[in-house]
Every structure is written in structure tokens, then in C-alpha cells.
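The residues making up each chain are set out below.
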Amino acid sequence: MNTEGLISIIKNIAEKIDMEKDFLGELDSFIGDGDHGINMARGFNEVKKKLPEFSSLEPAELLKSVGMTLVATVGGASGPLYGTAFMKAGAALKGKENFDINDFVSALELAIEGVMKRGRSTQGEKTMLDSMIPSLTALKTSLANGDDSITALREAVAAAEDGVYYTKTIAATKGRASYLGVRSIGYQDPGATSYKMIIESVYETLKQ
Amino acid sequence: MKKFINAVSDVENEMIQGMVKAYPQYLRKLDCGNVLVRAERKENKVALIGGGGSGHEPGHCGYIGEGILDACVPGAVFTSPTPDMIYEGIKSIDTGKGVLMMVMNYTGDVMNFEMAAEMAADEGIQVDQVIINDDVAVKDSTWTTGRRGVAGAVLVNKITGAKAESGASLEEVKAVAEKAIANVRTMGAAISPCTIPAAGRPGFEIGEDEIEIGIGVHGEPGTYRDKMMTADQITDILLERILGDLDFTGREVAVLINSAGATPLMELFIINNHVADVLASKNIKVYKTFCGEYMTSLEMAGFSITLLRLDDELKELLDAKAVTPAFTC
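Chains as they are written, first to last, in this note's numbering: chain A, 1 to 208; chain B, 1001 to 1329.
Keep in mind the hints are simulated off the structure, nothing from the lab.
In this text the structure is predicted, and so the values were computed from the model without any measurement.
Virtual Cβ for every residue (Gly too), placed ideally from N, Cα, C.
Do not take every clue at face value.
Unchecked claim - Some residues of chain B that are not near chain A, with every Cβ distance over 10 Å (derived):
id	residue
1	1003
2	1079
3	1084
4	1085
5	1167
6	1193
7	1245
8	1255
9	1267
10	1274
11	1283
12	1288
13	1315
Claimed, not checked - Heads up, simulated DSS-like pairs for lysine-lysine below, C-alpha to C-alpha not over 27 Å straight-line:
id	chain 1	residue 1	chain 2	residue 2
14	A	48	A	94
15	A	117	B	1029
16	A	117	B	1174
17	A	11	A	96
18	A	96	A	140
19	A	117	B	1091
20	B	1042	B	1029
21	B	1139	A	168
22	A	168	A	49
23	B	1174	B	1097
24	B	1091	A	21
One chain only, chain A, in its complex shape (with noise of 0.2 Å):
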């Protein structure tokens, strides 16, 4: 995978969250604030716009540059959470021209490690990384186990489906739907679910 490949899965990626916006937007409205979905369809369709001008850079630079254009155009507390995701993303594949499935790993591990530390939060919160951290896992598991690449993604995406439908069980303790309480269980948590279209998009490319 060069920075062509990589610019269609973000291309798909885009046109998955503007396709889901309002979806996006009711879950969030049951326990936050109700703008998931717009913030990250603006910034997705600025990064889409502006893919043109990064099909220059190497993976790492590209990634970095989406992870800056998120930040500075989603706003709210998504910003900075997947901006650093795909900056750190971006981290873990520096110096590199073609990229392999164990870079991406090691590139959704770095992500992981960045949003972890930027929400000072971790698996059971009701948030993004209860569908990130097990998709992660799902994906370093079927690898392991000598699974080709398309198949220890289709594994890292129904684990993060399984990861969004466990955030209905449980409270949030972070974010705005940690005001709540106990009042958020029942509702799907509208970031893991953001995640979940994302890596969605990753396999979907791939397997094409």
C-alpha cells in the first residue's frame, strides 16, 4: 500500500461519515450535544477536498496532514481525538513509502496510545476506544493466527461492531454523556460507532 491506496481508503472513509451524518447526529443527541455527525462530515469533506493537494506526500505526511485538517475543522472534543488519532497514525508509518498490514497495526496502536492520552481515558467508558481497542486486538489475533490481511480485517471490524453494541451496557464516565450517569446505558455510544465506519471503510477498500 503506497499513498495512492491510502488516499482511497480515506476518500471512502469521507464519503462513509457524510453518508452517515445524520445517523451520526441522532445517537449523539440521545446522550451529548447532538453534533457528532455534522462536526465530523465537515471535516471529513474539507479532508476530501483537500486530498488532491496531499497525493504528493509519503503515507506518514498524509496522514498527518488529515489529522491536522480534522483538528482545526471538526471542533468540539472529536477534533483533537481523531486528529490525533490519524497524526499518530501517521507517527508510526514515517520514513515509509509502501506500508504492509503490520504497519498498519503498529499504526492503529499508535493511534490508540495518542487518543488514550489525549481523553485520558481507556476501555469502558462508553467512548471510541471501546470499538478501537478491540478491533485492535481482533486484528493482531487473526494475523497471528496466520489469517491473510483481508480476513484480520473483516475480524477487526466485527469486533468493533461488538465493541459499539457493548457501549449500550454501559455508563459513560468520560465526555459530555458522563453527565448522565447511569442515564446513558441503553444508548450506543455515537464515537465508537464513528470509529466502527472507519475501519469499516479500510476493509471495504481493501477487499476491492
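Use these hints to put chain B onto chain A, whose structure you have.
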């Protein structure tokens, strides 16, 4: 939605430009975006930067000027500003003595300011921060994001700004800010919601005969909902929570009765009438009172009561000269 606006997408930009045109003697807008700084830069002082979502006018841009803030970064309505803009603000006001970020305790604000601070630190600018969290309506525990920053921020910024204006070091200015934060408590209530222009409909629904107690400045749900009551009754409820959270007995306090936007001064004075009596009965001496629109929530009808426990240092800083669009003394 019935509002005096033009295009919804122009609300923040036009509001900020209008504010600068109203107060050119205090405010200047940076070319890079919605970042407001003091019109006349003062050298050799710790610089203070505030910010947060728009929709709380005059908070916080109205407090830019001598004796309070050096810069303010307004985000979209009720949305945190982004790190690139905060960073531009920091860069613009740094005099070499360091910058203190006055951050309201919301997940988004905290993260965006933190990223801006990292960017500024990479450029060799000394940056530190305090987190303002005066709302006693929200439980402060390891299980939540913690208390929200609400109207008490106005007094915290005023006092911290006075310290910075005096030429104190970043460490000293931060210590005063933390002291003010440790001594300030707020709680509010609302009886009608507000409409974010981009949303086009009210943020919550509330019956004609209902009151939301412990409401946040973005119309977030409060502690509970009750039947409408008299000014004295709601004042008693709010004061009980505030006084139960921090011991004010025998101390001097500053009182801030803040309108959420639609509640008129007449009602604020009726509330203050009872606040003053209750405090007197509890041996709490009112040093200074502020009534008015200091930190609003668009057109929400509601108010909050803030009490700030004072000592000699805080009294002196509260009285120190300030010349800004929304606060002068």
C-alpha cells in the same frame, strides 16, 4: 426559529465583526480567523487567553482589555474553538513572560487548549493552564468529566487578569487563578430553553409550569426538574447547594447573579434581595455584588448564583482596575 440573524453560517463571523466594530478601543481581530486580542498590547506581562463556544456573550470576548484577558478565542456557538486558532492567539499575545490559558472544564475545551499548548511549547513559548469548574450542580467524582465551568469563570478571569496586569510571574498568576477557582461556586436554574441557530430548534423542552434546576450554560440537563416556584424558593434551593459545598460561614464573599440571557435585571434584583438576606442570616458578609448578563446562554430564561470566598489578596485583585467592554472598575 425567530432570530435577528442573516445566514445561519454567518452568525459567529458577523457577531465577532460587530463586536470589534463596537469596541475598537479594546479589541482587535487577528487576520487568521476568529481570534480576538487586546487592541493595545502591553509588554512584559503574563498574557491571559480564554475561550470557549460562542453564545455566551459577553463571555468571554467582552472581557478582553486592561486588567482581564489579553485574548479570547470564540468557537462556533456552544462548540469549543480549535487548537490552530488558540495557538494563533497564544503566539500573538506572548510577551516572553508566558501565557496562562483560562480553560472551562468541558472535554472539548480541555483537549483543544491542550493541543494548542503543545503547539506553542514546540515554538518555545511558555504556556500553562488552569481549569475552571465552579458548577456545583454536577457531581465532581472520578466517574464523571467533573464539574462544568460556568459563570464563576468571569470572577476567576477578573482576579487572575488583575494579578497578571501587576507584572507577577506565570507561577504567581497561576497560583492566584487556582486560589480563585478553589473558592468559587455556582449553581443555576432555567425556565425556558435556547435555540442554537445551526440546530434551528430549542435544545430542550420544558413545560409552562416547570423549572430545570442545576442547568448548564449550554442548556444541558440539570440536577432535576420541578414545578415552578417563587424566586425566594428557587434561591433557597440553589444557595443550599452552594453553601453545602464550601464553608462560607464568617467569610466575606463576592456575589454574582447572572442572567442566562432572557431573564431581566428586575428578576435578578428580586433574587439578589433574598440572597443578601439569606447570607446575612448565616453570618456571611457580602463584599461586592454583581447583577447582570455576564455569561449568557443565548436567549435562555434562567439565572445562576455565584459565590466567591474572599481574602485580602482576592479582594484587592477584584477591586483592581479593569477596562474591558463588559467589565470596568
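Verification of the hints:
1. Consistency note on residue 1003(B): stated as away from chain A, and its beta-carbon is indeed over 10 Å from all of that chain's, at 19 Å minimum.
2. With a least CB separation of 5 Å from chain A, residue 1079(B) falls inside the 10 Å interface cut-off, contrary to its annotation.
3. Distance check on residue 1084(B): its Cβ comes as close as 5 Å (rounded) to a Cβ of chain A, failing to clear the 10 Å threshold; non-interface status is violated.
4. The Cβ of residue 1085(B) does not lie farther than 10 Å from every Cβ of chain A; its closest approach is about 8 Å, which violates its non-interface assignment.
5. In this structure residue 1167(B) is separated from chain A by more than 10 Å, as the shortest Cβ-Cβ distance comes to about 34 Å.
6. With a closest Cβ-Cβ approach of about 13 Å to chain A, residue 1193(B) is found to remain outside the 10 Å limit, as its non-interface label requires.
7. The claim that residue 1245(B) lies off the interface holds: its Cβ sits roughly 17 Å from the closest Cβ of chain A, which is beyond the 10 Å cut-off.
8. The beta carbon of residue 1255(B) is kept farther than 10 Å from every beta carbon of chain A, the shortest such distance being approximately 26 Å.
9. The Cβ of residue 1267(B) lies farther than 10 Å from every Cβ of chain A, with a closest approach of about 27 Å, so its non-interface assignment holds.
10. Look at residue 1274(B): its CB is around 28 Å from the nearest CB on chain A, clear of 10 Å, so calling it non-interface holds up.
11. The Cβ of residue 1283(B) sits about 34 Å from the closest Cβ of chain A, beyond the 10 Å cut-off, so the non-interface label holds.
12. Even its closest Cβ contact with chain A, about 31 Å, leaves residue 1288(B) beyond 10 Å, as expected for a residue assigned away from the interface.
13. The Cβ of residue 1315(B) lies farther than 10 Å from every Cβ of chain A, with a closest approach of about 34 Å, so its non-interface assignment holds.
14. Between residue 48(A) and residue 94(A), the direct Cα distance comes to roughly 22 Å. Compliance with the 27 Å bound is thereby established for this hinted pair.
15. Annotation: proposed proximity of residue 117(A) to residue 1029(B) is violated, straight-line Cα distance about 33 Å (limit 27 Å).
16. About 24 Å separates the Cα atoms of residue 117(A) and residue 1174(B), which keeps this hinted pair within 27 Å; it holds.
17. With a C-alpha separation of about 21 Å, the suggested pairing of residue 11(A) with residue 96(A) holds against the 27 Å cut-off.
18. For the hint pairing residue 96(A) with residue 140(A), the CA-to-CA distance comes to about 21 Å; that is within 27 Å, so the pair holds.
19. A C-alpha spacing of about 25 Å is found between residue 117(A) and residue 1091(B), which places the hinted pair at or below 27 Å, so the restraint holds.
20. Restraint check for residue 1042(B) and residue 1029(B): satisfied, since their Cα atoms lie roughly 16 Å apart, inside the 27 Å limit.
21. Our distance criterion of 27 Å between C-alpha atoms is met by residue 1139(B) and residue 168(A), whose separation comes to about 22 Å.
22. For a cut-off of 27 Å, the pair hint linking residue 168(A) to residue 49(A) is broken: about 34 Å separates their Cα positions.
23. Between residue 1174(B) and residue 1097(B) the alpha-carbon distance is near 13 Å, which keeps this suggested pair within the 27 Å criterion.
24. Restraint check: the Cα-Cα separation between residue 1091(B) and residue 21(A) comes to about 35 Å, which exceeds 27 Å; the hinted pair is violated.
Going through the hint list in order, the structure does not satisfy hints 2, 3, 4, 15, 22, 24.
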